[in-house]
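Undergrad: What follows is the residue order along each chain.
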Amino acid sequence: MKVAIFPGCIAATEQYACELATREVLRELGVEVVEVPGFSCCGWPLQNVGTVGWVYLAARNMALAAEKGVPLITLCNVCNRIFYEAKFLLTVNSELREKISSLLKEEGRGPLDGVEILHPLELFHDRIGVEEIKKRIKKPLKGLKLAAHTGCQAIRPRKLRSIDDPEYPRKLPSLIEALGAQSPHYPEALDCCGAYLFYTRKDASLTLAGEKVEAVQNWGFDGLVTICSSGHRMLDGKQDAAATTIGKALNLPVVYYTQLLGLAMGLAPEKLGLQLNRSPVRNLLGKIG
Amino acid sequence: MVGITDQLRATKPQPDLVDRFYKVVEKLKLENPFHCYQCFKCTSGCTSFRLTEIMPHSFVNFVRLGFVEDMMRSELLWACCQCLKCKERCPQEVAPVDVIFLLRRMTVSSGAEIPEDLSKIIMNVTETGFIQGIQKVKVGETSVDREQLGLPPITLPEKFSSVFMRAMEEQIE
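Going down the list, the protein sequences come from chains A and B.
Position 31 of the first sequence, counted from 1, bears residue number 31 in this note's numbering, the numbering being contiguous throughout.
Heads up: take any position in the second sequence, counting from 1, add 1000, and you land on this note's numbering.
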């Protein structure tokens, strides 16, 4: 299987562990990553100001992947939703489609049709599969209880595309359990990380992140597992700032699913970028041994 | 958010703006806000309502009653965290979040200012292609970048900025 990786702004410019760990585990699983130079922002921030600008950004990124003819793996839930929304708009609005096509031609891009957008949950759960992942495990994560954070933008709206159940997502927990750990449901599983509010209401954004981490911590989980670079940046990268905002002590290890999968497959922590996590992941690494 | 009786006393509705609003709804094939029956389900599950006064069902209601400009000026327009629960759960297939985002675009095209940090990341996208420049991140005492971590370089085609600027100037709404 061949794929291209769409990092999105957060993974491309800051959350390097996300891309590192994804590349490492895909290599280990025999999935070839095709390099696609030229990716930009998916278009999300422009959705606040106008329609043509953001759809153009989404379309040019999809066109870049279409030129290589491989599915595009999105490392950020927001980018995934944006690509699907752009595809929808380009189907229903011919005026927009014409405008975008001529802009793409101007940039020297080919047609934007036919690109397949794949969420990491679809890649790991539906394509590679839980049973195949189980076979690759060298260090089962026995005795660990880990909370799953699937993230809002991956599961909603279901009408746009159906990656997992929007009210009771089970793919990430089952992928965690494939590694030998437990991942029971918790009441705050659908709570938002606050990423979207970071640029308009910073305090509310950090409060959401802090309350989510606090809830997971209070349930006695050994850690929190993310699958989205934007969510991870809030829950891991900004955990200290979130703790200050809500006035609570937070010390919950937060890891990307790909980091956890890599560890269970016996890969070295530094290859998976665990030295880049801001939350106390050493507490979790100590338990894995 | 302000209650319906206070709103009716405070300002006059602008029905012409409702038509303008609905034209865009049709053009972008958004869910029809006029189907809302004010059951409050969106607001009861609204992430941002826990922390702010935002009430998605009120945004929908005020817009269709004609208070479009009042809603465009509301500071609460920027309190939505786009968790999309309102859109997912609405029994009438209304999408309050899309109403809020359309109001944001309308207020921007009318020349109103947007929150400073949001405008900063939009500027960054136009200049660099991303919401921020490529960061160096700390590992212990040192800082590392993509290259030192063995990640492929980020490059943008030469024509990117000029074509993107043209896209930003285009309007379909």
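It is possible that part of the hints are untrue.
Claimed, not checked - Have a look at the derived ranges for each label pair, beta carbon to beta carbon:
| # | chain 1 | residue 1 | chain 2 | residue 2 | range |
| --- | --- | --- | --- | --- | --- |
| 1 | A | ASN283 | B | PHE1034 | 48 to 56 Å |
| 2 | A | PRO111 | B | GLU1173 | 20 to 28 Å |
| 3 | B | ASP1006 | A | LYS2 | 53 to 61 Å |
| 4 | B | TYR1037 | A | SER174 | 33 to 41 Å |
| 5 | A | ASP113 | B | LYS1023 | 54 to 62 Å |
Hints in this document: simulated from the structure, not taken from any laboratory.
Heads up, the beta-carbon is just placed ideally off N, CA and C, and yes, glycines get one too.
Undergrad: Taking the CB of A/PRO111 and the CB of B/GLU1173, does the distance hold inside 20 to 28 Å?
TA: holds (25 Å)
Undergrad: Can you let me know if the beta-carbon spacing of A/ASN283 and B/PHE1034 is within 48 to 56 Å?
TA: holds (53 Å)
Undergrad: Could you see if the CB distance from B/TYR1037 to A/SER174 stays within 33 to 41 Å?
TA: For A/SER174 against B/TYR1037, whose Cβ atoms are near 37 Å apart, the range 33 to 41 Å holds.
Undergrad: Do A/ASP113 and B/LYS1023 keep their Cβ atoms within the hinted range of 54 to 62 Å?
TA: Given range 54 to 62 Å: violated, Cβ gap about 28 Å.
Undergrad: Would you say the C-beta atoms of B/ASP1006 and A/LYS2 sit inside 53 to 61 Å of each other?
TA: holds (60 Å)
Comparing the model with each numbered hint stated earlier shows that hint 5 is the single one that does not hold.
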